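Asks: Sequential numbering of the sequence shown, starting at 6, is according to my numbering.
Some hints here could point you the wrong way.
[Unchecked claim] Calculated cross-link-like contacts (lysine-lysine; reagent style PhoX-like; alpha-carbon spacing at most 20 Å): (1) Lys240 with Lys224; (2) Lys203 with Lys240; (3) Lys203 with Lys238; (4) Lys203 with Lys224; (5) Lys238 with Lys224.
Source of the hints: derived by calculation from the structure; they are not laboratory data. Model, not experiment: these values are computed from the prediction.
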Amino acid sequence: MAPRHAHPPRLTAGRVILRIFIVLLVTLLLLCAFLYGVIYIVCRGPSVTARNQFVLSVRETSAIGFLADLVLSKEEIAAIEMQPEEVTVETDVSLIQIASPSENDTESAADAWGYTDEDGDGLILVPVAGESYTGYMLIVLDPMRVVLGYSPQDAGYRGYTVAEFAENFGAVAAVNGGGFQDPNGMGNGSMPEHLVVKDGQIYCGDLGVGHGFVGLDDKGILHVGLANSQEIKDKNIQQGCGYGPILIVNGQPMDDATLTSGLNPRTAIGQRSDGAILLLVIDGRRATSLGASYKDLAEQMLAFGAVNAGNLDGGSSSLMWMDGHYLNNTAAVIGVRPIPTAFLVMP
6 MAPRHAHPPR LTAGRVILRI FIVLLVTLLL LCAFLYGVIY IVCRGPSVTA
56 RNQFVLSVRE TSAIGFLADL VLSKEEIAAI EMQPEEVTVE TDVSLIQIAS
106 PSENDTESAA DAWGYTDEDG DGLILVPVAG ESYTGYMLIV LDPMRVVLGY
156 SPQDAGYRGY TVAEFAENFG AVAAVNGGGF QDPNGMGNGS MPEHLVVKDG
206 QIYCGDLGVG HGFVGLDDKG ILHVGLANSQ EIKDKNIQQG CGYGPILIVN
256 GQPMDDATLT SGLNPRTAIG QRSDGAILLL VIDGRRATSL GASYKDLAEQ
306 MLAFGAVNAG NLDGGSSSLM WMDGHYLNNT AAVIGVRPIP TAFLVMP
């Protein structure tokens, strides 16, 4: 009689699920180990520049700042991300000579910086790029068209997205404004991180100005570096918010210590000597655009003729909306985030 061969036991559904779970778990552990190894090499390797760039980049985010803590001590991180003292400056308003509407009519000719308002809508959109980033600069020829949008302030209320700001206020273009209280990256965008000025009214004055206030007065001149609510009132600021740091003051970039940062998505606002407002947004955390540093922002602003400029909130908040859609990509994996403030360009 031929010998009988034993058949392997048939796998039950439970065993299949268990094996799949084990494979997924091992894969996850291997990925975590690989990620930790990469972080360790970057932070403990020979390149101080790479270490500092990594630490500054992740620590500027709400959600992944903990990655630096996996390898470095709190003391080491603190030494890398040392913040300069808050800088308060006096904006020289004589450097800004706001052009009249007729002087701003560049529909048929380039302006002093070589840009032409080809469709005559008072807006000029220019793509920008650097070694590690791409983005857009929006030139708004009439500064009086730029206002601050402020969502209702309520701890239980969700802020607006940049697109919602534009739609709710009837704006033709918009960028994100100041920061918001964002514990563990789970904030709902309702509560600003620093004070806000909307139509001359100061809100959340007890929150201070952060590392650099930016605001437009009743004549359309952009002021940077005001220190407190009283100075804001004295300068008759109508629209503005705190965040920072300041990038350019009276035609001069801030020093390297102030402009030290990682590479991330960025938003900034500036003003040319003819009064035109410059709104800059930089894509980041993408293979084609890692992001920009504060120094990169200052260099772009200077290239476009900025006399004064300041950094706004960045990271997953950095977005520019125009012509009914976002021009750049959100860095947030959960989609466009709600925020409490936005700079709006009115019709």
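Asks: State for each hint whether it applies.
Replies: Status of each hint after checking the structure:
{"no.": "1", "hint": "Lys240 with Lys224", "result": "holds (10 Å)"}
{"no.": "2", "hint": "Lys203 with Lys240", "result": "holds (14 Å)"}
{"no.": "3", "hint": "Lys203 with Lys238", "result": "holds (12 Å)"}
{"no.": "4", "hint": "Lys203 with Lys224", "result": "holds (15 Å)"}
{"no.": "5", "hint": "Lys238 with Lys224", "result": "holds (14 Å)"}
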